[in-house]
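*Asks:* Just so it is clear: in the sequence shown, position 18 is 18 by this note's numbering, and no numbers are missing.
Just so you know, these hints were derived from the structure itself, not from any lab.
Hints may be right or wrong, so weigh each one.
To be verified - In silico DMTMM-like pairs for lysine to aspartate or glutamate, Cα to Cα no more than 25 Å straight-line:
(1) Lys-21 / Asp-39
(2) Lys-10 / Asp-70
(3) Lys-56 / Asp-9
(4) Lys-73 / Asp-9
(5) Lys-59 / Asp-88
(6) Lys-73 / Asp-55
(7) Lys-56 / Glu-38
(8) Lys-53 / Glu-66
(9) Lys-10 / Glu-69
(10) Lys-56 / Asp-70
(11) Lys-21 / Asp-70
(12) Lys-21 / Glu-80
(13) Lys-73 / Glu-8
(14) Lys-10 / Asp-55
(15) Lys-21 / Asp-50
(16) Lys-73 / Asp-24
Stated by the list, open to error - Derived Cβ-Cβ restraints for the label pairs, each shown as a range:
(17) Glu-90 / Pro-41: 33 to 39 Å
(18) Tyr-60 / Lys-21: 24 to 30 Å
(19) Ile-94 / Leu-29: 25 to 31 Å
(20) His-79 / Lys-21: 20 to 26 Å
(21) Glu-69 / Arg-95: 36 to 42 Å
(22) Glu-66 / Met-1: 28 to 34 Å
Note that CB positions come from ideal geometry on N, CA and C, so glycine has one too.
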Amino acid sequence: MTNAILLEDKDNVATCTSSAKAGDMIQVLGGGTVRCVEDIPIWHKVALTDIAKGDKVFKYGEIIGEASEDIAKGAWVSHENIFSVPRDYESEMIR
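All chains, please: the whole structure from these sequences, using the hints.
*Replies:* Here's what the structure looks like:
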């Protein structure tokens, strides 16, 4: 079984701590299990839910991008299927 780490409750991806093969069950520390639907390299992200094209992708409790295509639960989430979105960091700063 492969392990993955969920960093924040609202995240819809987790980081695999070892490589995963399609069909493997991934034990998500802090978030149950998910069946891997494609090979995922170590330290890469796995989708914890179905993510529709245009949906925000959350890691660290923050938006890390937007899905450029539908991403199935258990799929590899990478630069191939998400893209960065502009953020207004100035307004997010705690003063």
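*Asks:* None of the hints should be skipped; say for each whether it holds.
*Replies:* Hint by hint, here is what the structure shows:
| no. | hint | verdict |
| --- | --- | --- |
| 1 | Lys-21 / Asp-39 | holds, 4 Å |
| 2 | Lys-10 / Asp-70 | holds, 19 Å |
| 3 | Lys-56 / Asp-9 | holds, 15 Å |
| 4 | Lys-73 / Asp-9 | holds, 16 Å |
| 5 | Lys-59 / Asp-88 | holds, 18 Å |
| 6 | Lys-73 / Asp-55 | holds, 13 Å |
| 7 | Lys-56 / Glu-38 | holds, 21 Å |
| 8 | Lys-53 / Glu-66 | holds, 8 Å |
| 9 | Lys-10 / Glu-69 | holds, 21 Å |
| 10 | Lys-56 / Asp-70 | holds, 11 Å |
| 11 | Lys-21 / Asp-70 | holds, 20 Å |
| 12 | Lys-21 / Glu-80 | holds, 18 Å |
| 13 | Lys-73 / Glu-8 | holds, 17 Å |
| 14 | Lys-10 / Asp-55 | holds, 13 Å |
| 15 | Lys-21 / Asp-50 | holds, 18 Å |
| 16 | Lys-73 / Asp-24 | holds, 13 Å |
| 17 | Glu-90 / Pro-41: 33 to 39 Å | holds, 35 Å |
| 18 | Tyr-60 / Lys-21: 24 to 30 Å | holds, 26 Å |
| 19 | Ile-94 / Leu-29: 25 to 31 Å | holds, 28 Å |
| 20 | His-79 / Lys-21: 20 to 26 Å | holds, 21 Å |
| 21 | Glu-69 / Arg-95: 36 to 42 Å | holds, 38 Å |
| 22 | Glu-66 / Met-1: 28 to 34 Å | holds, 31 Å |
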